[in-house]
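Q: Turn these sequences into a full structure, and let the hints guide you.
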Amino acid sequence: MSRMAGRVGRSEGPWPWLAAGSVALSLLLLLALLTLLAVRGLGHFWPAPLALVTLEDGQRLAGRAVHEESVPGGEARERLYFTGNRDLAGDIWTWVPVAEIASRAFPEELVVLERRRWGAFLGRLVALEGEAGRREGQAAWPALQARLAELEALRGERDRLREAVVTPLVRRLERGPDAAAEAELARANARIRELQADMAGDTLVLESVDGRRLTQPLEEVLRALRPNAMSPVDKLATWGREVWRFLSEGPRAANSAGGVWPAIFGTVLMVLLMSVVVTPFGVLAGIYLNEVAHQGRFTHLVRIAVRNLAGVPSIVYGVFGLGVFVYGIGGTLDEWFFAESLPSPTFGTGGLLWASLTLALLTLPVVIVATEEGLARVPDHQREGALALGATRVEMLTRVVLPMTAPAMLTGMILAVARAAGEVAPLMLVGVAKLAPQVPVDGDFPYLHLDRKFMHLGYHIYDLAFHGGDVQAAMPLVYATALLLVLVILVLNLTAIFLRHHLRARHGALPRH
Amino acid sequence: MSVFSSPHALSDGPILDFERSTCCLEIEGLSLAYGEKPALRDLTLRVPRHRVTAFIGPSGCGKSTLLRALNRLHDLNEEVVREGSIRLEGQDIQAPEVDVAELRRRVGMVFQAPNPFPMSIYDNVAFGLRLQGGMRKRQRDDVIEWALRSAALWEEVKERLGASAWTLSGGQQQRLVIARTLAVQPEVLLLDEPASALDPISTLKIEELIRNLKSRLSLVLVTHNMQQAARVSDYTAFLQQGELVEYGPTQTLFTNPRLRRTENYITGRMT
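Listed in order, the protein sequences are those of chains C and B. Numbered by the working numbering, the letters in the first sequence go through residues 1 to 513 in order. Numbered by the working numbering, the letters in the second sequence go through residues 1 to 271 in order.
One thing to keep in mind: the hints can contain errors.
Said to hold, decoys possible - Which stretches of chain C does chain B cover? Using the computed rule of at least three CB atoms under 8 Å from a CB of chain B, they are:
1) 384 to 397
2) 400 to 413
Claimed, not checked - Facing chain C, a subset of chain B residues (Cβ under 10 Å, in silico):
3) Arg68
4) Asn71
5) Leu76
6) Ile93
7) Ala101
8) Arg104
9) Arg106
10) Val107
11) Ala113
12) Pro114
13) Pro116
14) Glu159
15) Leu161
16) Gln251
17) Phe254
Said to hold, decoys possible - Using C-beta positions, here's what the derived DEER-type ranges look like:
18) C/Ser26 to B/Glu102: 35 to 45 Å
19) B/Glu102 to C/Gly323: 44 to 54 Å
20) B/Pro96 to C/Val292: 19 to 29 Å
21) C/Glu12 to B/Ser169: 29 to 39 Å
22) B/Ser169 to C/Ile497: 26 to 36 Å
23) C/Ile304 to B/Glu97: 38 to 48 Å
24) B/Glu102 to C/Val292: 20 to 30 Å
25) B/Asn264 to C/Ile497: 54 to 64 Å
26) C/Val292 to B/Glu97: 22 to 32 Å
What the hints contain is simulated information worked out from the structure, not anything from laboratory work. Beta carbons are placed, not taken as given, at the ideal position from N, Cα and C, and that holds for glycine.
A: Below you can see the structure in the form of structure tokens.
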């Protein structure tokens, strides 16, 4: 490579330019892809201004402009507004002909409420009614903010109590009667009821911009914002909180809202399990093919077969995993060890273990090939040097050849991870789930639940894009999840690359001839 | 001169012969082929103890093949077919009871390109010792210092034993490889064109080292460079097309070769 540098463009004709051009084009496309994902995905979390639109016929609506397009077969343009209020209007999107807009304003008092049911509300806050009395007008907003913070704290305490006290106690009681535990459980449940009673009771009186009134139980409101009144710093803070929620919370409303934490966890865990399985197998197979096997016609055939395996479509591996792992091995395991819970399957259905094994099989050729190439790059004189000092073949391999090959093996692992993290098709057959809010690792013995179904970022994208009720609402989440998937793979790869660099520094890079 | 008296030549022909008692290696009727391709034909010669014996000859004459047969490096190559025997101190090295690893420890080898392992200088020299095991750190340190001194490298590396061996120059690397081999105290040292990849100064250092080492062990040197053979060796064998053509004291072979083929090669005339 370096020998080529500096000679471009002198006498070779157009070839160097064509080659450089293709590199530049690929880089540009990659950059465009990432930018698109980042802008569309991350932009979703930005508290955009709310417009109060008045039409020529006097109709009024409040909403966030999403995009604009020309009406088919005409000069006119239409603008799509996100208007929310599913409970009042029946639809959360409104198309407005641009020509009919009489005026647009951005009044500060417009609020966005994020609710557990019916999605977002966009409109005005009239009053907050609660045990403390009724607050109207200017006083309502600060009171609402204060009360929401209180609710958040109460909700946090309740969830912590459920997780840290109730669940372990229930588990203890499942094992046998225990008077102390029962008393403690009763106390905890009483406290939870108390907390829930504290949360209930408040009501919001809301009014949409076209004058319809609505009473909303405050319990169901998660967050309230006045985006038009926010300073850029506030907006940035809100954006950061929203991104964090997206990363750390589970999905809500049939995956169309909330976060993707279980999917991130599922993806990373599955990839790690797959690496743990595929690396030793692939490395050993590579060593056998390159160092141990008689280099004859048969070895050659095996090698060709391994390389061809890398090209088999991934769905075929999915079918294989379903037939062999899930029905074959899983079914047999169930008959032997989990007969008491039949006919409901334990391992005889798709799950984390089978998905990891299927992907391990899928990526095995990559690791074998990388290991073999690494071994082939160790010069023969290194091997002979070790043998000439009285090393046996095993000693030669373990003390000289394998340390020098470690970076190549890690390269194989990186390639395997990159391939596995992005696969969706085989997973649909062997264990991915649309919704599995319980991550496969918890405090319950045996802590890692290999039989559980899991969520996966790739499948989540597929599910959002094709199975959601509202594609328009799902698109930003699709972009955000896709960006996240890219980032997860990037982090996994960077970890492996860092490790490889560390190994190279310790064992020395192979000279490049 | 060493403790040994000068070996007595038994024959007067083009192939010099020694008494068995003065030889470390005896090669008898050795033929070797890579598959269908013969490389050595019915070779018989003896290598004297505590002397430098050089093998010279044109490329492809089989001198490196012969050298590799002496420590059974050909074992790895399944194609190789061999006949005849090689005895190290009277014992057939192909005998089933011989441990190959032990044989290779006794017959050390230094290759054409310096091949230090990708580890520290210290670990390189300790490699063979660690394979044998059973040595305390202090003892090992002493052996490593001795080996590096013997290879005339100690003064240059004593401050940086922990540095990677690949940071050394080519000549230093080759001396490190020699030290590494000496550390396991071999009886015979095989040198396969040890200086061909080095600059003239490093070459001189290696040659001086070879001359100094013969008081400790027997050396067999393969070289393309006839001046080098003349400078460092006591006996020289000339091989051509897998056959031993002439074997005699270096002085005689270079100044007064008995055969025309030898003379043509030495004087650079093509046959």
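Q: With reference to the structure, classify each hint as holding or not holding.
A: Evaluation of the provided hints:
For the segment 384 to 397 of chain C, the stated coverage by chain B is satisfied: 10 residues place a CB nearer than 8 Å to a CB of that chain, which reaches the threshold of 3. Closer than 8 Å: that is the beta-carbon criterion, and the segment 400 to 413 of chain C has 3 residues meeting it against chain B, so the requirement of 3 holds. A cut of 10 Å between beta carbons decides the hint on B/Arg68: the least distance to chain C is about 9 Å, and the hint holds. For B/Asn71, the interface hint holds, the least distance from its beta-carbon to any beta-carbon of chain C being 6 Å, beneath 10 Å.
Proximity of B/Leu76 to chain C holds as hinted, the smallest CB-CB distance being about 7 Å (cut-off 10 Å). Interface hint at B/Ile93: violated, since its Cβ lies 14 Å from the closest Cβ of chain C, which is beyond the 10 Å cut-off. With its C-beta approaching chain C no nearer than about 4 Å, B/Ala101 sits inside the 10 Å limit, and its interface hint holds. Hint status for B/Arg104 relative to chain C: holds, with the closest Cβ pair at about 5 Å, below 10 Å.
Using the Cβ-Cβ criterion of 10 Å, the hint placing B/Arg106 at the interface with chain C is satisfied: the shortest such distance is roughly 8 Å. For B/Val107, the suggested interface contact is upheld, since its CB lies about 8 Å from the closest CB of chain C, less than 10 Å. Satisfaction of the interface hint for B/Ala113 is found here, the shortest Cβ-Cβ separation to chain C being roughly 6 Å, below the 10 Å cut-off. The interface hint given for B/Pro114 holds, since its Cβ lies 9 Å from the closest Cβ of chain C, which is under the 10 Å cut-off.
With its C-beta approaching chain C no nearer than about 8 Å, B/Pro116 sits inside the 10 Å limit, and its interface hint holds. A least Cβ separation of about 20 Å between B/Glu159 and chain C goes past the 10 Å threshold, and the interface hint is therefore violated. Hint on B/Leu161 is violated. Least Cβ distance to chain C is approximately 16 Å, over the 10 Å limit. Annotation: interface hint on B/Gln251 violated; nearest CB of chain C at approximately 31 Å, more than 10 Å.
Interface hint status for B/Phe254: violated, as the beta-carbon distance to the closest one in chain C is roughly 30 Å, over 10 Å. Distance hint check for C/Ser26 and B/Glu102: the Cβ-Cβ separation is about 57 Å, which falls outside the suggested range of 35 to 45 Å. The beta-carbon spacing between B/Glu102 and C/Gly323, approximately 53 Å, falls within the hinted interval of 44 to 54 Å. Under the hint 19 to 29 Å, the C-beta atoms of B/Pro96 and C/Val292, about 22 Å apart, fit the expected range.
One distance hint, 29 to 39 Å for the beta-carbon pair C/Glu12 and B/Ser169, holds here, with the actual separation near 37 Å. Remark: the range hint 26 to 36 Å for B/Ser169 to C/Ile497 is upheld by a beta-carbon distance near 31 Å. Separated by about 41 Å at the C-beta atoms, C/Ile304 and B/Glu97 satisfy the suggested range of 38 to 48 Å. At roughly 23 Å, the beta carbons of B/Glu102 and C/Val292 sit within the given window of 20 to 30 Å.
Taking 54 to 64 Å as the suggested C-beta distance range, the pair B/Asn264 and C/Ile497 conforms, at roughly 59 Å. Look at C/Val292 against B/Glu97: about 25 Å separates their beta carbons, and that is inside 22 to 32 Å.
Comparing the model with each earlier hint shows violations of hints 6, 14, 15, 16, 17 and 18; every other hint is respected.
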